[in-house]
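Trainee: Sequence:
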Amino acid sequence: MKNDGFFTKVYEVTLLIPTGRVTTYGAIASYIGSPGAARMVGWALNNCQNQDEFIPAHRVVNRIGMLSGKQHFQGRNVMQQLLESEGISIVDNQVQNFEKHFWNPNQDLV
DNA sequence: CAGTTGACACCGT
DNA sequence: AACGGTGCCAACT
2 MKNDGFFTKV YEVTLLIPTG RVTTYGAIAS YIGSPGAARM VGWALNNCQN QDEFIPAHRV
62 VNRIGMLSGK QHFQGRNVMQ QLLESEGISI VDNQVQNFEK HFWNPNQDLV
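Positions in the first sequence are counted from 1; adding 1 to them yields our numbering.
Hints are computed from structural coordinates only; laboratory data are not their basis.
Treat the hints with caution; some may be incorrect.
[As the list claims (entries may be wrong)] FRET-style restraints, in silico, Cβ to Cβ: (1) Gln72 <-> Gln52: 13 to 21 Å; (2) Gly37 <-> Ser86: 31 to 39 Å; (3) Thr20 <-> Gln95: 15 to 23 Å; (4) Gln95 <-> Gly6: 28 to 36 Å; (5) Phe7 <-> Val92: 28 to 36 Å; (6) Gly27 <-> Asn94: 12 to 20 Å.
All of these numbers come straight from a predicted model, not from anything done at the bench.
Note that beta-carbon positions come from the ideal geometry of N, C-alpha and C, so glycine has one too.
Use the sequences and the hints to build the structure in full.
Mentor: Right, here's the structure in full:
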């Protein structure tokens, strides 16, 4: 798995996100050991579509809980549909009760 | 090898 | 408080 390195880490964490929960790019970046590389996370998720495995990238949003990456999904509101399907309310491309649904990867370590 | 990119985050105005 | 510009790190071309 070191072949992909950073990318794989992002995928791993993204896959670890519990259903009905969401996280931020910065949280993932910090978890993998590169705080500030939030932009990298976005790029990894962008390539995630190239991965054979499905990555729940819809559970990853920016720090304000906005579906910034929604545009990159195949469909228009696919990202929102998936989140709503998991019990998360989305309004204006923003996650309602974001803090409530927020899941910190570091918290899983404890 | 060097430059540019990228689904962000933070600081300054 | 809201908006804009800059900074980060790693991968891609």
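Trainee: Would you mind marking each hint as holding or not holding in the structure?
Mentor: Status of each hint after checking the structure:
no.	hint	in the structure
1	Gln72 <-> Gln52: 13 to 21 Å	holds, 19 Å
2	Gly37 <-> Ser86: 31 to 39 Å	holds, 32 Å
3	Thr20 <-> Gln95: 15 to 23 Å	holds, 20 Å
4	Gln95 <-> Gly6: 28 to 36 Å	holds, 32 Å
5	Phe7 <-> Val92: 28 to 36 Å	holds, 33 Å
6	Gly27 <-> Asn94: 12 to 20 Å	holds, 19 Å
The structure is consistent with each of the numbered hints, conforming to all of them.
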